[in-house]
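These protein sequences, in sequence, are chains A and B.
Here our numbering is used: the first residue of the first sequence is 110, the next is one more, and so on.
Here our numbering is used: the first residue of the second sequence is 51, the next is one more, and so on.
Honestly, the hints are just simulated from the structure, not real lab data.
Please note: incorrect hints may appear among the correct ones.
[Claimed, not checked] To spell it out: a stretch of chain B is covered by chain A in this simulated footprint if at least three of its residues, at any positions, have a beta carbon under 8 Å from a beta carbon of chain A; those stretches are:
id, segment
1, 69-76
2, 82-95
[Claimed, not checked] Computed list of lysine to aspartate or glutamate pairs in EDC-like fashion (alpha-carbon distance at most 20 Å, straight line):
id, chain 1, residue 1, chain 2, residue 2
3, B, 82, A, 169
4, A, 211, B, 109
5, A, 133, A, 436
6, A, 211, B, 125
7, A, 211, B, 83
8, A, 133, A, 428
9, B, 82, A, 161
10, B, 82, A, 443
11, A, 211, B, 97
12, A, 211, B, 61
[Unchecked claim] Some, not all, of what chain A presents toward chain B, calculated at C-beta under 8 Å:
id, residue
13, 175
14, 213
15, 459
Bear in mind the structure is a predicted one, so any value in this text is a computation, not a measurement.
Backbone N, C-alpha and C define an ideal beta-carbon position, used for all residues, glycine too.
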Amino acid sequence: MTATSHEATPYPFATAERLSVHPKLTELRREQPVLRVTMPYGGDAWLATRYDDVKTVLADPRFSTNTVGKDVPRPVPLVQTHPSILTMDPPEHSRLRKLVAKAFTARRIERLRPRTQQIVDDLLDTMIAAGSPGNLAESLNWPLPITIICELLGVPFADRERFRRWTDLLLALAGDEEEIRQSRVNLNEYLAGLIAVRRSEPSDDLLGELVTARDSDGRLSEEELVTFGVTLLVAGHETTANQTGNFIYLLLSTPGLWDQLVADPALVPSAVEELLRIVPLGASAGFPRIATEDLELGGQHIAAGDAVVVDMNSANWDESAFERPTEIDLARSENQHVAFGHGIHHCLGAQLARMEMQIAIATLVRRLPTLHLALPAEQVEWRTDRLIRGVRSLPVAW
Amino acid sequence: MTEERWRITVDAGLCIGSAVCVGTVPSHFALKDSHSVPVHEVVEPNEDVLAAAESCPMEAIRVLRVGTDEVLAPEL
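Bound conformation, chain A alone:
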């Protein structure tokens, strides 16, 4: 009888097209900021769309990300089976994060700048030597973060085609579940193999440090060690590669933006922040949170045990948090976006991703000021079947 009050709306509201954000989100922020939705898998959840509510869900300890083994409302087919840093609450989460946090501080990442610049220059040398036009996705966007995370972790660059394919399947919004499950097994076995090598040949890379933390100090379990390796490898390349492509697509397809950067390259750092805010990376809300007690969110009662998902793209376009939120202002000074999340799960690799994208864009602007899309923007092909948005290829000319 009271079904109408809690009638759930199917979410996502539509397939994510290119870099568009569904107009319904603007209306929801104003009229129903916490909406009952039916997720593609696992049932119904509350969807938070306002900046303040999204930040609350992400940072308030009354929301748990421990969903291992539970058929919770979610955007991807498989249930989480391995406890990872993403599905841990304090104090387990802090125990793991502390082990690697040092490698990703702003200070340590700054030291990687010269090496990153060298990688970008080498990749562009190769692309330029092959002649215009080229495919920026395969020439720069993918090999850059893959090279860096391989060097940081100690993963062979030569194996990239294999782990790229497995990673890609893990982020599938739908598909053959057996194939997706097998990809997860493959990634785990692959990392377990690299870990085994370190036990006979110790190394000073991040995987080597984690093996030492396990074997000498017992600070994490064997399963946690393997899963951590997988998480760092997957998160260390997939999002940055896709987001770099999204950024460059937007810069080249929106009149005036590229020329503005060419005329004033000092804008690159603030431009990257603005692109992080304006570009919707996720095709859907991602990891669900579970309320651990009864609480109120954006005027809505949430019962203990209810799942809550957050739409980051909506938060980053919230007119109550940003002036002229739909306008791309490459010089925007106040920009507290939530592109990297908020709270304990704030992206570990945020400083690394920023640095990689700043150097990629600054170098393109300097070396290829006449860069443009090699075909009409509407003919660029996009993947629409993955949790992360991205181009299939990015044909450019110069």
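With chain A held as given, fit chain B onto it using these hints.
Same frame as chain A, now just chain B:
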């Protein structure tokens, strides 16, 4: 009284408001104008406060021993 006390500082110039500390120990850190501030500057010893300082991506948090000013976290 020789009971140990710790002092927490947050460098407002470094803090980016990621709220990693707020989520780690909400009793000891809060966001004010999008930046972290310690709820109390001087606190009793607490392992979670060390974890928060170790997890800060900007290394903006310092935990010092009151009296000696010895830096307890983060390890630099």
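Status of the hints after comparison with the structure:
1. 69-76: Our answer is that it holds, as 6 residues pass the Cβ test (under 8 Å) against chain A, meeting three.
2. 82-95: Violated - the segment 82-95 of chain B has 1 residues with a Cβ nearer than 8 Å to chain A, which falls short of three.
3. B:82 / A:169: With a Cα-Cα distance of about 15 Å, the restraint between residue 82 of chain B and residue 169 of chain A holds, given a limit of 20 Å.
4. A:211 / B:109: holds (9 Å)
5. A:133 / A:436: Distance ~18 Å between residue 133 of chain A and residue 436 of chain A Cα, so the pair holds.
6. A:211 / B:125: holds (9 Å)
7. A:211 / B:83: violated (26 Å)
8. A:133 / A:428: Given that 20 Å is the threshold and the Cα spacing comes to 14 Å, the pair holds.
9. B:82 / A:161: holds (13 Å)
10. B:82 / A:443: This hinted pair holds, its Cα atoms lying about 15 Å apart.
11. A:211 / B:97: Holds, because 17 Å separates the two Cα atoms, which is no more than 20 Å.
12. A:211 / B:61: holds (18 Å)
13. 175: With Cβ-Cβ at 14 Å, over 8 Å, it is violated.
14. 213: holds (6 Å)
15. 459: Since the shortest Cβ distance to chain B is 6 Å, the answer is holds.
Hints 2, 7 and 13 from the list above are not met by this structure, while the remaining hints are.
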